[in-house]
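**Student:** Sequence:
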Amino acid sequence: MKKLTALTVALMMSAGVAMAASHIEPAPMERGGKHHHGKMHGKKDGLPFGFAELNLSDEQKAKIKAIMEADRPQSPRNDEQKIAQWQKRMENQREQERNLMSHKHFDENAARKMIAQRQQEREQQRQQNGERELQMLKKRHAVFQVLTPEQQQQYQANQEKKMAEMAKRHAERPMFERK
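Residue 1 is where the sequence shown starts when you use the UniProt record's numbering, and the numbers rise one by one after that.
Source of the hints: derived by calculation from the structure; they are not laboratory data.
Hints are not guaranteed to be accurate.
Cβ-Cβ distance ranges computed for the label pairs, FRET-style [as the list claims (entries may be wrong)]: (1) A116 <-> E53: 46 to 52 Å; (2) R169 <-> M101: 42 to 48 Å; (3) A70 <-> Q93: 34 to 40 Å; (4) R173 <-> D79: 30 to 36 Å; (5) Q153 <-> K113: 51 to 57 Å; (6) R132 <-> F176: 28 to 34 Å; (7) E53 <-> N92: 46 to 52 Å; (8) E165 <-> H103: 52 to 58 Å; (9) A142 <-> M101: 48 to 54 Å.
In silico SDA-like pairs for lysine to any residue, Cα to Cα no more than 25 Å straight-line [unchecked claim]: (10) K63 <-> N158; (11) K139 <-> M163; (12) K65 <-> N55.
All residues carry an ideal CB built from backbone N, CA and C; glycine is no exception.
Please model the entire structure based on the sequences and the hints provided.
**Tutor:** This is the structure we're talking about:
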């Protein structure tokens, strides 16, 4: 009886510690620091990343900001609604899988239908991502055209330097720990 009581107390204490630990603020990322969210992510002075160090005129800054704001939805993003829709889709998929598993005999037709539906959803997402990427490339091109030829060269040189630094850091970082 004493062993059972001691075991119960130990389990309750470890559960309490685990619950307390789950409410602790996560530590910042080891290399990159904290994540930053919001409209100004990656921007300095409201300009896209990499443009603040180009000594832009006020007119250039205004043009770039206008390009970046064009085609932006006027209403705030409704992330909660998108998350709720995604959660509902995931729950439906789990329910379909549970139904497949709970039947005594495997229903191959139902499984194929479920797989085809998921593939169709992924294809739609790929198309949407491609369209978003195209729009961003158009914006980046328009912003780049606002720069003078000297600023364009400086921007490209800065980008190449940053890419070389990233490649060097990546090469120095081990892919996995060897024991």
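**Student:** Now look at each hint and say whether the structure bears it out.
**Tutor:** Verification of the hints:
{"no.": "1", "hint": "A116 <-> E53: 46 to 52 Å", "result": "50 Å, holds"}
{"no.": "2", "hint": "R169 <-> M101: 42 to 48 Å", "result": "45 Å, holds"}
{"no.": "3", "hint": "A70 <-> Q93: 34 to 40 Å", "result": "37 Å, holds"}
{"no.": "4", "hint": "R173 <-> D79: 30 to 36 Å", "result": "32 Å, holds"}
{"no.": "5", "hint": "Q153 <-> K113: 51 to 57 Å", "result": "56 Å, holds"}
{"no.": "6", "hint": "R132 <-> F176: 28 to 34 Å", "result": "33 Å, holds"}
{"no.": "7", "hint": "E53 <-> N92: 46 to 52 Å", "result": "48 Å, holds"}
{"no.": "8", "hint": "E165 <-> H103: 52 to 58 Å", "result": "56 Å, holds"}
{"no.": "9", "hint": "A142 <-> M101: 48 to 54 Å", "result": "52 Å, holds"}
{"no.": "10", "hint": "K63 <-> N158", "result": "21 Å, holds"}
{"no.": "11", "hint": "K139 <-> M163", "result": "21 Å, holds"}
{"no.": "12", "hint": "K65 <-> N55", "result": "15 Å, holds"}
Going through the hint list in order, the structure satisfies each hint without exception.
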